[in-house]
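Asks: From just these sequences and the hints, can you work out the full model?
What follows is the residue order along each chain.
2 protein chains.
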Amino acid sequence: MTDSAPALLAADWGTTNFRLFLFGTDGEIIARHTANIGLKNLGVLTFEQALLSVMKEDFARPDLPILLCGMVGSRTGWQEAPYVHCPAGLPEIVAGIVTAPSDKLRAKIVPGLSAEADHKGLLNVMRGEETQIYGLASKVGDSSYVLPGTHCKWAQVENGIVTGFSSYMTGEMFQVLKRHSILGDLMEDDIDDEAAFLLGVDRALEDKSFLSLVFSVRTEGLFGHIQPESLSSYLSGLLIGSEIRAEIGRHGVRPVGLIGDGTLVNLYERALKHTGFTQITRHDGDDASAAGLWAMAQQGKLI
Amino acid sequence: MTDSAPALLAADWGTTNFRLFLFGTDGEIIARHTANIGLKNLGVLTFEQALLSVMKEDFARPDLPILLCGMVGSRTGWQEAPYVHCPAGLPEIVAGIVTAPSDKLRAKIVPGLSAEADHKGLLNVMRGEETQIYGLASKVGDSSYVLPGTHCKWAQVENGIVTGFSSYMTGEMFQVLKRHSILGDLMEDDIDDEAAFLLGVDRALEDKSFLSLVFSVRTEGLFGHIQPESLSSYLSGLLIGSEIRAEIGRHGVRPVGLIGDGTLVNLYERALKHTGFTQITRHDGDDASAAGLWAMAQQGKLI
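Just so you know, the protein sequences line up as chains A and B, in that order.
According to this note's numbering, the first sequence holds residues 68 to 370 in order.
According to this note's numbering, the second sequence holds residues 68 to 370 in order.
It cannot be assumed that every hint is accurate.
Treat identical chains as interchangeable: a pair holds within one or across any two.
To be verified - Here are the simulated DSS-like pairs of lysine-lysine, each with C-alpha atoms no more than 25 Å apart in a straight line:
hint: 1; residue 1: LYS275; residue 2: LYS187
hint: 2; residue 1: LYS275; residue 2: LYS340
hint: 3; residue 1: LYS340; residue 2: LYS187
hint: 4; residue 1: LYS123; residue 2: LYS107
hint: 5; residue 1: LYS171; residue 2: LYS123
hint: 6; residue 1: LYS107; residue 2: LYS171
hint: 7; residue 1: LYS206; residue 2: LYS368
hint: 8; residue 1: LYS340; residue 2: LYS206
hint: 9; residue 1: LYS368; residue 2: LYS340
Derived from the structure by calculation, the hints contain no laboratory data.
Since the structure is predicted, the reported quantities are computational estimates derived from the model, not experimental observations.
Replies: Shown next as structure tokens:
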């Protein structure tokens, strides 16, 4: 907390979540707020109405500049902010900031990032995560940053520039296989079984075929090698292990910064340690978003 | 069709399907019948009652020996016939045949096969497909046989012996990703787009990470590189291509026999031709099952 005067309202506005920050002139956070106005929960509200609805008490400052990041800048958001292509540093991303259409608010929106994927003409994209990455780059410095989630991202930052990143469908794959495939059938009363998880990681690390390996969740259950309550941990290990295997292939074992908190990030930390990553730092996701929004507002001379 | 006297009743009895054959003494099929008494549709009927319910007209021959294959021999079937481990020829599989508990019928059940998978202690299994493979081995001879489906199998037959096989979750993965993941969101009015399919195959052939590559269904749709009606073909190509890539890695490009019919097998044939497989034969699945049941009945001296 700070005694400095309010200078900026900023928010990470995603499909599900909305996290609002009020910054003082010194860049410290005066107040935080979360609200249930993610894009999928807007209902009949316009973006402007939704934003005004949360600007109460400390946040009742329509006079301040506003900076938004996340899916609010997508094609289905308030105003599309086209992807900026990697390599991109803070000046490049800030050059892509767009103005939201509003008579009442001075709101601007951060673009997402795109990067070459494995095949010619194929791109990876992110929206929202780039702000966390630039935030940590501004505070912590260069690293590879890992953002576990539905579609996990691994981004490389060199000299403050995001040189590239990859996306993995790991989180969503876990959910759909567990809930909707035969692999979930034998699962029961899930526990966090570290041995089963690491067995999955180990097998993924030396694997030849994902479509073949993942089927072992079924056979290991059928033959009673892994108990029903541990099959979920095993599947999780297979998936996170497959992702780490790909990243080691791309960039080798290296220092990584894990962004986020909770169970999933704990699993990534466990798998990374198990596979030879020795320099792992952890960073709060909200703080990273706030740091990125502030860094961009400064760079873009919004404040 | 044949004029020889009836000698054997045999059926492929699976989770969904039931296919009954009446063989003459010369091994020719006198009559065929299908019925809706797959394991999941039995309702209150016992296996014996269900089988008796379809033994009408030509099939009303409770005096004949009966041979059954498929999930009817699983733990949740009529009588478990434990997996026979590869390498296994006709004598070995036949040695694993078990007798079904029945006072009214002389029914026997074929076991499934198990084989080493990629990791120590890990097994692949099949039930029903082994009968098709032995059937074709007895008629067509040695080959690699490919059985597309929910859980596709690739089996190697040398000197009439199934030396090993692999399972791929390809068919089920396609269904769950299309129906339950974000990848299906952009799909619309699916068509069979050969170019999109082969693009998927090509990318899978040179890919580094399944979890990363599969996400390209989303980005290719988002960027308008692949139209909504073609994204399903692209996903299908990625999956079948991943499977073929693994098989080329395991055993190289080789002559293959494709078992089955319909759209899915057409797609496999298209992908195999595209990836350098020049010797591809196609075989009807029902005929393969019938040939296998007959070969096993002879080997086991049931007739």
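Asks: So which of those numbered hints doesn't the model satisfy?
Replies: Result: hint 9 breaks, nothing else.
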